[in-house]
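S.K.: Each chain, written out:
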Amino acid sequence: MDVPFGVNMAAQTNVLGLGLPMTPVTLLFGPRVSFVALVMLGLAGTAYAWYHVLSRYVVSSRAAAFVGGAFCGFAPGMISESRGHLHIISQFLTPFIALYVVRLTEPGRWRRHGIILGVLMAYQVLISEEILFFTGLGVGLFIVMYVLLRPSVLAGFRQFAAGAAVALGVAAVILAIPLYKQFAGAQHYRGLPFPPSLIYVDLASYSAFPSNSLAGDVTTAARLAHTSAEETSFFGWPMVLVVLVLAGWLWLRKVTVARATAITGLTFAVLSLGYHIMINGRSTVPGPFRIIGELPLFDLVVSARLALVVVPTVGVLLAIAADRALARAPGSTRWPAVRRYLVVGAIALAAVPILPLPLPTTRVPVPPTFITAGHWRQYVPAGRTLVTVPTTSSFFLDGMRWASATNLEFAIPRGYFLGPNSNPSSPPLYGAVPTWTSIVLDQVALTGSARPKQDGDDALFLHDLKMWHAAILVLSDQQANAPALLTTVEQFLGPPQLVDDVWVWDVRRLVDGR
Amino acid sequence: MTTTEDFVDRHRELGSAEEATVRRRYRWMPAGRSADLLTAGVYLAAALYVTSSLWIGLRDRVAAGYGEQDQAWPTRRTRSPTCRTPSTPTRWTCPSG
Numbered sequence: 001m002d003v004p005f006g007v008n009m010a011a012q013t014n015v016l017g018l019g020l021p022m023t024p025v026t027l028l029f030g031p032r033v034s035f036v037a038l039v040m041l042g043l044a045g046t047a048y049a050w051y052h053v054l055s056r057y058v059v060s061s062r063a064a065a066f067v068g069g070a071f072c073g074f075a076p077g078m079i080s081e082s083r084g085h086l087h088i089i090s091q092f093l094t095p096f097i098a099l100y101v102v103r104l105t106e107p108g109r110w111r112r113h114g115i116i117l118g119v120l121m122a123y124q125v126l127i128s129e130e131i132l133f134f135t136g137l138g139v140g141l142f143i144v145m146y147v148l149l150r151p152s153v154l155a156g157f158r159q160f161a162a163g164a165a166v167a168l169g170v171a172a173v174i175l176a177i178p179l180y181k182q183f184a185g186a187q188h189y190r191g192l193p194f195p196p197s198l199i200y201v202d203l204a205s206y207s208a209f210p211s212n213s214l215a216g217d218v219t220t221a222a223r224l225a226h227t228s229a230e231e232t233s234f235f236g237w238p239m240v241l242v243v244l245v246l247a248g249w250l251w252l253r254k255v256t257v258a259r260a261t262a263i264t265g266l267t268f269a270v271l272s273l274g275y276h277i278m279i280n281g282r283s284t285v286p287g288p289f290r291i292i293g294e295l296p297l298f299d300l301v302v303s304a305r306l307a308l309v310v311v312p313t314v315g316v317l318l319a320i321a322a323d324r325a326l327a328r329a330p331g332s333t334r335w336p337a338v339r340r341y342l343v344v345g346a347i348a349l350a351a352v353p354i355l356p357l358p359l360p361t362t363r364v365p366v367p368p369t370f371i372t373a374g375h376w377r378q379y380v381p382a383g384r385t386l387v388t389v390p391t392t393s394s395f396f397l398d399g400m401r402w403a404s405a406t407n408l409e410f411a412i413p414r415g416y417f418l419g420p421n422s423n424p425s426s427p428p429l430y431g432a433v434p435t436w437t438s439i440v441l442d443q444v445a446l447t448g449s450a451r452p453k454q455d456g457d458d459a460l461f462l463h464d465l466k467m468w469h470a471a472i473l474v475l476s477d478q479q480a481n482a483p484a485l486l487t488t489v490e491q492f493l494g495p496p497q498l499v500d501d502v503w504v505w506d507v508r509r510l511v512d513g514r
Numbered sequence: 001m002t003t004t005e006d007f008v009d010r011h012r013e014l015g016s017a018e019e020a021t022v023r024r025r026y027r028w029m030p031a032g033r034s035a036d037l038l039t040a041g042v043y044l045a046a047a048l049y050v051t052s053s054l055w056i057g058l059r060d061r062v063a064a065g066y067g068e069q070d071q072a073w074p075t076r077r078t079r080s081p082t083c084r085t086p087s088t089p090t091r092w093t094c095p096s097g
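Chains as they are written, first to last, in my numbering: chain B, 1 to 514; chain P, 1 to 97.
Treat the hints as calculated values from the structure; they're not laboratory data. A virtual CB, placed ideally from N, CA and C, is assigned to each residue, including glycine. Warning: the hint list may mix true and false statements.
[Said to hold, decoys possible] Label-pair distances were calculated between CB atoms; the ranges are: (1) P:LEU38 - B:GLY140: 42 to 48 Å; (2) P:ARG59 - B:PHE157: 53 to 59 Å; (3) P:LEU37 - B:PRO21: 30 to 36 Å; (4) B:PRO286 - P:ARG59: 30 to 36 Å; (5) B:ASN280 - P:ILE56: 32 to 38 Å; (6) B:GLY169 - P:LEU58: 39 to 45 Å; (7) P:ILE56 - B:SER283: 23 to 29 Å; (8) B:GLY169 - P:ARG59: 43 to 49 Å; (9) B:PRO286 - P:LEU37: 47 to 53 Å; (10) P:ILE56 - B:LEU498: 31 to 37 Å; (11) P:LEU58 - B:LEU300: 30 to 36 Å; (12) B:LEU498 - P:LEU38: 54 to 60 Å.
[To be verified] Okay, the calculated bits of chain B under chain P, using three or more residues with CB under 8 Å as the criterion: (13) 27-37; (14) 218-230.
Next up, chain P with everything else stripped away, as it sits in the complex (with noise of 0.2 Å):
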């Protein structure tokens, strides 16, 4: 036992009868390589699911926000290039300065 799995608490109360108790009732789980591998392939499954509308888009479509709250944010809160707001004294007489 190392150190790490102290550390870590990982819970070491499952004795080997029990353990093999659990895998007879959980049999249709896969275990091991078989379920890193389903795992994997489920994540990236879901991960292609999320992002399928910008695949399906490649060519002329992008992430879409909130519209007009997202591009606001730069606008009010850092600069403004229609003047309203000027945030730096350059801006003041904006454009010209």
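With the rest of the complex left out, here is chain B (with noise of 0.2 Å):
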């Protein structure tokens, strides 16, 4: 991608530690099966990491763990990230980390269970940083609530902090090589390509069903949340009830784990809202993310996403309520009887709501006959590339889902990725910089009105195509606005060929000046 520029792979959300080990798979059988396998095994995974974590460490019931672990993976959050989020779905590392920050408490292992969080921690950097991150606030927020809440953990402060060192170190030696190729190496950048003040969680999302389920609507989805992917918040109004009253419940029973876990998920609750509070789309008053947000990392945070770690608060209250639901006092009198059948009716009822349906999907077009049968590599030699027409971005994908079905057997100019902009002092671009031909391509692909030439445009489109080592440019009869395109480029270049389902211009002689 993005001859002749490159990307830098570290500075993605390059899911390494999933691309990797799914290489088998992706060689065997395509990048969309392991794509829909990942999707698949980072939902039910997540969840089983909760409920291994839970049902070992925090309840006695494996049904309540079941609950928790469910909810950690199925939540309305996780489902709408599944849109597109490899990297924010795959948490299945997450109770580990937060299992292992923990266990550094326990007399005697901290050198041990240092090494094993180091460890997590270095693998979860090559999954996801912004989940570590997450991981690492939410984890660390809990800690100091429960230390509020029980002063007597401190005793076991000191090999707490000798653990963590190591676990630091541990995570600090494995990812010194990909943490200097992403801050430091070619096409690095710093920031986001857009102010992340921009994607906040409105308070009336919280109560309101997600799009994806069964009471779900995607007009009012739509209205409250920015994407499809960044419904977070979701919960519904019937389990944002129930959550609140088994908190309150479990508050009252002086269950420490549960006051610190709640307390955890109703700050990052109120965290998420952003820096203004908005409700159902007004402005109401300036929200508290205000006072962290422009601190370092924090003004890289969507605030939105912070909604994703009242998730697993969620998960775990819902399992201790239903753990001391389903295992205390047994039925010897008639009330816990009845709190039982209470407590999982209501959290059984206040989920069906938000259960999630299928993903929704549209047609995208296969990959021309041209790249699929092989035909393209008559015209791409090696060092030169294909140009798609409009070229390769976020918005036309082409290109890469092109160059996928062939295994990157070719190499495209442009792309969709986040870049540097021309000038370092800018906020970097989802892509490569725009040139003139890639801007007019778009342009054209975007109106459907083929663009005139005038003087000089010649130069800057060979200027382009030189650039790029361009051998071909192709444009598909399933492009939007195929005719204008065509026109367009045949300004320049004269009519295509038409080869198996594309036009073609070879333009090899073109580039090399002869």
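Please assemble the complex out of the two chains, which come individually in their own frames, going by the hints.
M.R.: Below you can see the structure in the form of structure tokens.
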């Protein structure tokens, strides 16, 4: 991608920690199978990881752990993110990271647990640095709250600090090269293409039903969320009500872990509201996120995603509440039996409206025969690129789809990735720096109006083709506004050849200056 | 009892006799490894159900969103290939710069 500049893979949401183990599947069955399998394993794996930790360390009842795990893996926020954010939904290391942070307090085992924690953190960086940061924030706040509520655990502080130092040291050694590449390697960048403050959570969204659920409504969800993949806070009003009641019940019963969890969840729910608290699209009062929003790293946080920290806190609270209701006082009186049915029934009823549906899909054009039959090989020698018309970007992804269909056997200019701007002090871009040709072709593709050639355009067009080491330009008949694109490019290169199901302009001689 | 168990506050009030009673009452619930396997199976089945539309459309379908609104996000807020909302000075005389 992005010939001749390339892409800094360490600075992308590259999910190397998922992609590398899936290499055999990708090579055998293609990237689409790998992607869908990873979505499936991300959701189920996250749920099971939480179930495992909850059932072994937090609750006595497997059924209660099942409830908590199910919520952590299949909460509306997770389903929403599964529309494309593999790095967000693959949280199967998160509960183990939380567990080993806590286990650092075990006397005599801080070194062993520190090493394990360091390895887990390093691997999580290869899946998602963002989720590791959120995990650190969530677990950190939980521990602070727990210590405040039960100061006696401070006795283990010394081994905790030693274990934490070991963990950070191990992670630093493992990650030294990837982090160096990310922050100082070629095509590195700083910041985000957009101000993160733009993506916040509307308070009303917490009680709304997610679009892809039994009770969901796309119109309402679209009004409250920025995109379909960011419905992080849609819990539905019955679940909000049940969780508040159960948290209150556990608080009154002085369950310390539930208290610390509830405070952590509530804090992140409030922070997710961003710089201004919006209710049904109306700005009300300043949000507490502005207190920390300018701090290093926090200035890069999409506050809406802080609601993802609320998900496991709700899962843990549901598990503890179900556990208390199921396992304690096995029916010696009428009230515990009623309480058991009440708690389990309330959780079940609250979960029904937000039960997920199969992900909605839309059709995309299949790669043309010219690509799948390998006929492109006759035109694109090593070191040269296949240029799609329009060029590949976040708006037009054909180039990347076609390249992935051939296991990346040919190179393309531009693409959809995070990269530096032409001015290093400007925010980075989604994709490559726009060029004259890429902008013209994007305009034509979006508007359907051919652009009449003007004086000097030939030189600009040729400059871009030479920069991209172009071998051929390819226009698919399935491309929107293909006739206008054909007319526009014909002005520079003459009529194309029709090869299989695409129009091809062979520009090798032109680019070589022959 | 480990410090971890103490830290996470796992309730230990469940005495052995009481536990036995609970076991009798919930005999229908799988326990131990079979519960783990059943849980993993249910979670996998649920994830398969959620992704079933993607598996069925493996050849020519991808996850869909709100449509226009999702597409508008990068256009409105990051950069505009149509030059309607130029976001950097080089775009002011778009496309020539």
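S.K.: It remains to establish, for every hint, whether it holds in the given structure.
M.R.: How the hints compare with the structure:
1. P:LEU38 - B:GLY140: 42 to 48 Å: For GLY140 of chain B against LEU38 of chain P, whose Cβ atoms are near 34 Å apart, the range 42 to 48 Å is violated.
2. P:ARG59 - B:PHE157: 53 to 59 Å: Once the Cβ atoms are compared, 57 Å apart, the range 53 to 59 Å for PHE157 of chain B and ARG59 of chain P holds.
3. P:LEU37 - B:PRO21: 30 to 36 Å: 22 Å, violated
4. B:PRO286 - P:ARG59: 30 to 36 Å: Violated - the Cβ-Cβ distance for PRO286 of chain B and ARG59 of chain P, about 50 Å, lies outside 30 to 36 Å.
5. B:ASN280 - P:ILE56: 32 to 38 Å: About 36 Å separates the Cβ atoms of ASN280 of chain B and ILE56 of chain P, which means 32 to 38 Å holds.
6. B:GLY169 - P:LEU58: 39 to 45 Å: Holds - the Cβ-Cβ distance for GLY169 of chain B and LEU58 of chain P, about 44 Å, lies within 39 to 45 Å.
7. P:ILE56 - B:SER283: 23 to 29 Å: 43 Å, violated
8. B:GLY169 - P:ARG59: 43 to 49 Å: 48 Å, holds
9. B:PRO286 - P:LEU37: 47 to 53 Å: 50 Å, holds
10. P:ILE56 - B:LEU498: 31 to 37 Å: 33 Å, holds
11. P:LEU58 - B:LEU300: 30 to 36 Å: 35 Å, holds
12. B:LEU498 - P:LEU38: 54 to 60 Å: 57 Å, holds
13. 27-37: holds (count 3)
14. 218-230: holds (count 7)
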